[in-house]
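Given these sequences and hints, build the entire structure.
2 protein chains.
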Amino acid sequence: MKIAVLGGDGFVGWPTSLHLSDQGHEVHILDNLSRRWIDTELGVQSLTPMDSIQERTRIWHQETGRRIRFHLLDLAKDYERLKQWLLEIRPDAVIHFAEQRAAPYSMKTDRHKVYTVDNNVSATHNLLSALVETEIDAHLIHLGTMGVYGYSTVGAAIPEGYLPVGIETIGGETVEQEILYPTRPGSIYHMTKSLDQILFQFYAQNDGLRITDLHQGIVWGTHTEQTRRHVQLVNRFDYDGDYGTVLNRFLIQAAIGYPLTVHGTGGQTRAFIHIQDSVRCIELALNDGPKRGDRVKIFNQMTETHRVRDLANLVSELTGAKVAWLPNPRKEAAENELVVKNDQFLALGLDPITLRAGLLEEVVDVAKKYAYRVDRSRIPCVSAWTREIAQRVERDPEHRGLKSA
Amino acid sequence: MKIAVLGGDGFVGWPTSLHLSDQGHEVHILDNLSRRWIDTELGVQSLTPMDSIQERTRIWHQETGRRIRFHLLDLAKDYERLKQWLLEIRPDAVIHFAEQRAAPYSMKTDRHKVYTVDNNVSATHNLLSALVETEIDAHLIHLGTMGVYGYSTVGAAIPEGYLPVGIETIGGETVEQEILYPTRPGSIYHMTKSLDQILFQFYAQNDGLRITDLHQGIVWGTHTEQTRRHVQLVNRFDYDGDYGTVLNRFLIQAAIGYPLTVHGTGGQTRAFIHIQDSVRCIELALNDGPKRGDRVKIFNQMTETHRVRDLANLVSELTGAKVAWLPNPRKEAAENELVVKNDQFLALGLDPITLRAGLLEEVVDVAKKYAYRVDRSRIPCVSAWTREIAQRVERDPEHRGLKSA
Ligand SMILES: NC(=O)c1ccc[n+]([C@@H]2O[C@H](COP(=O)([O-])OP(=O)(O)OC[C@H]3O[C@@H](n4cnc5c(N)ncnc54)[C@H](O)[C@@H]3O)[C@@H](O)[C@H]2O)c1
Ligand SMILES: NC(=O)c1ccc[n+]([C@@H]2O[C@H](COP(=O)([O-])OP(=O)(O)OC[C@H]3O[C@@H](n4cnc5c(N)ncnc54)[C@H](O)[C@@H]3O)[C@@H](O)[C@H]2O)c1
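Protein sequences, first through last, are from chains A and B.
In terms of UniProt numbering, the first sequence has 290 at position 290, counting the first letter as 1, and numbering is strictly consecutive.
In terms of UniProt numbering, the second sequence has 226 at position 226, counting the first letter as 1, and numbering is strictly consecutive.
In short, the hints are calculated from the structure, not lab data.
No incorrect hints appear here.
Calculated cross-link-like contacts (lysine-lysine; reagent style DSBU-like; alpha-carbon spacing at most 30 Å):
#, chain 1, residue 1, chain 2, residue 2
1, A, Lys291, B, Lys108
2, B, Lys108, A, Lys83
3, B, Lys369, B, Lys403
Covered stretches of chain A, going by a simulated chain B footprint (3 or more residues, C-beta under 8 Å):
#, region
4, 106–115
5, 158–172
6, 178–184
7, 193–200
8, 203–209
9, 331–343
A quick note: this is a predicted structure, and the numbers were derived from the prediction, not measured.
All residues carry an ideal CB built from backbone N, CA and C; glycine is no exception.
Below you can see the structure in the form of structure tokens.
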């Protein structure tokens with residue numbers, strides 16, 4: 001298959017590209033490298049030394065004989081060139097990772113809010129419109145998040161995308177209808193994924209586009225089978241307060257002797273998936289696309305759920321790290337239950353990698369190897385969801401202690 | 001009150017500005033005049049000769065002694081200047097009309113789709129973000145549409161924004177929750193209003209913004225009490241295939257001896273409201289805003305529903321006009337029932353103006369007065385929802401006949 005990977009220079013996009021290339025697919029990466037620019041803006045860098053995308057694809061070719069092409073393009077801004085590129089490649093599938101993906105970054109300042117909305121909505125919509133216009137009948141796979149449900153979960157088991165509801169008609173009978181599971185996103189970033197859902201629904205219905213939306217949990221781990229093959233194929237690995245995600249951050253914090261930063265009570269339950277399973281799920285979804293005229297296919301892409309404080313305790317036991325209890329910069333319920341259905345991937349043959357000590361240790365080892373690259377002052381999360389929350393966070397003694405440490 | 005009217009140069013924005021100014025409010029119009037540019041792009045013009053906004057506000061001052069200020073600004077692009085402007089004015093209320101509002105225009109070409117999404121989403125989101133950032137606690141009133149429900153109505157009575165659903169929790173009990181009534185918009189334009197709803201939900205929840213979303217029916221008529229006062233205060237009046245809306249188009253077609261263009265079976269039921277009631281509803285909503293922390297208040301702003309073919313027959317009887325049956329360029333159900341609840345406005349004292357012969361005739365009279373300005377070749381609707389529909393429309397003999405007439 002010819003596969004276009006949009007955002008293929010990123011944390012999930014890069015190992016996905018390698019995985020699919022390894023299987024013999026012809027992989028074309030499109031990326032505007034904005035994520036690298038954001039590193040520069042924030043004054044942070046991936047914990048792992050990450051070469052340029054051109055160099056990484058050169059090494060991949062050297063090691064495997066396979067080519068991955070790279071095209072520099074802003075999906076949100078270069079609509080005409082996007083169409084040209086699609087017409088040149090004529091992909092059978094398009095995997096769309098190309099969005100600003102950090103909730104804290106999206107809440108930093110109003111400039112970051114505006115950037116996240118404009119970038120993500122235009123990127124997704126440009127792609128949809130370009131597929132219709134070029135008449136390329138590719139299977140579109142998008143990476144979404146279960147975080148879109150946010151406040152609306154009320155302790156229900158999150159189904160795969162749809163909710164049956166009974167609607168009373170004028171005549172008085174009740175008609176069963178399946179609607180998009182209602183969303184109540186809790187950050188600007190999550191909100192853009194909720195907007196994406198509406199875009200997908202429309203283009204599937206009006207234009208018959210074939211779309212799969214993968215509602216992914218928090219990805220942890222760093223290596224996949226392919227990234228292990230050469231030191232320069234290493235994946236990006238974020239530890240900072242904006243892009244670092246919870247479990248990976250705990251593992252890095254443990255590796256460098258920094259307290260594990262738990263926000264609030266740590267009672268938030270989140271869904272997780274290992275990076276190796278993430279790329280495997282994408283492969284499975286690729287081979288099981290909807291037909292023209294079908295509604296959007298929605299999968300929950302996760303393998304297990306955990307409470308944040310349980311993870312902190314687990315990592316603490318494994319490594320001896322201390323736990324730091326910090327005020328929560330997010331506006332969310334202090335404690336929540338979370339049960340997520342993932343029957344579809346299980347039915348397709350996914351054999352979940354769960355939190356095993358071995359894999360956790362691999363992450364800690366990678367982090368130790370590159371510990372000298374950590375800028376400890378970039379670890380605290382400084383974005384806050386509202387002005388009042390920002391003030392509360394700033395007044396907290398432990399937060400101050402960590403910031404000045 | 002100090003009231004900012006965004007999009008105040010438009011069809012509903014202009015009479016709203018006059019109405020509120022007449023009541024003694026301090027009105028500030030913001031508009032990028034994009035709608036005038038679109039007239040130029042399409043090579044059409046308002047049936048009524050419409051002066052520049054500067055000239056119109058000058059006449060209003062001359063006639064009434066009241067000032068309406070005008071500020072040229074692109075809400076979607078000039079975010080920093082938007083904040084400055086808000087800080088200068090410090091409005092008590094903001095009424096947001098400033099979006100691309102024609103479904104056929106939004107489906108014309110891919111360029112028009114991209115423009116509509118980028119313009120509408122950025123305009124609404126910039127405004128929300130700017131209100132939070134400037135800490136201006138204004139009541140935000142937005143003009144939405146009942147068209148967002150599209151396919152999802154299934155003959156149900158459309159409630160005012162929310163639907164109670166029972167969600168089964170992990171423990172097995174059923175929790176009642178009110179969710180945004182599910183949308184399944186049928187055009188790119190309608191889709192942007194569905195996106196707006198998600199933006200409003202987020203900003204009300206996260207930042208406590210006070211928001212009212214008016215889901216408006218199709219506006220008909222042209223004059224309000226204030227626009228009648230001077231010939232140069234006349235409202236814009238669209239008759240072309242993109243911006244002309246169904247009832248007004250029938251009345252203009254009747255006035256110039258053009259057949260009434262019914263698309264499909266004419267079995268589509270739509271909701272309507274007279275322009276005079278539209279401005280009155282906005283005034284009522286203004287005085288009944290939500291409190292900080294409340295969810296978004298959603299009103300259905302319409303007074304009656306009619307089937308398109310019944311309207312055509314009514315206008316035909318009144319005027320003797322012929323009816324032309326054309327293929328439907330939209331992708332929609334041929335026939336639909338529509339019952340809309342509007343209890344909230346009725347409770348606030350709205351006394352609906354319904355389709356009375358007198359008012360219909362006023363519109364025909366205005367159209368006759370300016371009939372010499374009609375370019376008949378711009379009357380057919382040439383946008384089509386998909387490529388296949390476009391071909392079907394083009395092959396239709398009656399459509400061809402009208403186009404060449
Ligand atoms: N990492 C996670 O834990 C996680 C969890 C759930 C969902 N996801 C989703 O998976 C996707 C990939 O996540 P990631 O962790 O790899 O993110 P990432 O930031 O590492 O990668 C995103 C890539 O997209 C590119 N990009 C952004 N905007 C672009 C534009 N306008 N044009 C072209 N390229 C653009 C960036 O340069 C970057 O290389 C995202 O959509 C994210 O929301 C990630
Ligand atoms: N006319 C109807 O029948 C009807 C029905 C339902 C809902 N509505 C809604 O009511 C609102 C007003 O409708 P209308 O008929 O007056 O439309 P209109 O096109 O006549 O007016 C919209 C105004 O907004 C301005 N505008 C657009 N984008 C802007 C931007 N980025 N920055 C600044 N100004 C911008 C335009 O220049 C125009 O003057 C719209 O949001 C529309 O969706 C209208």
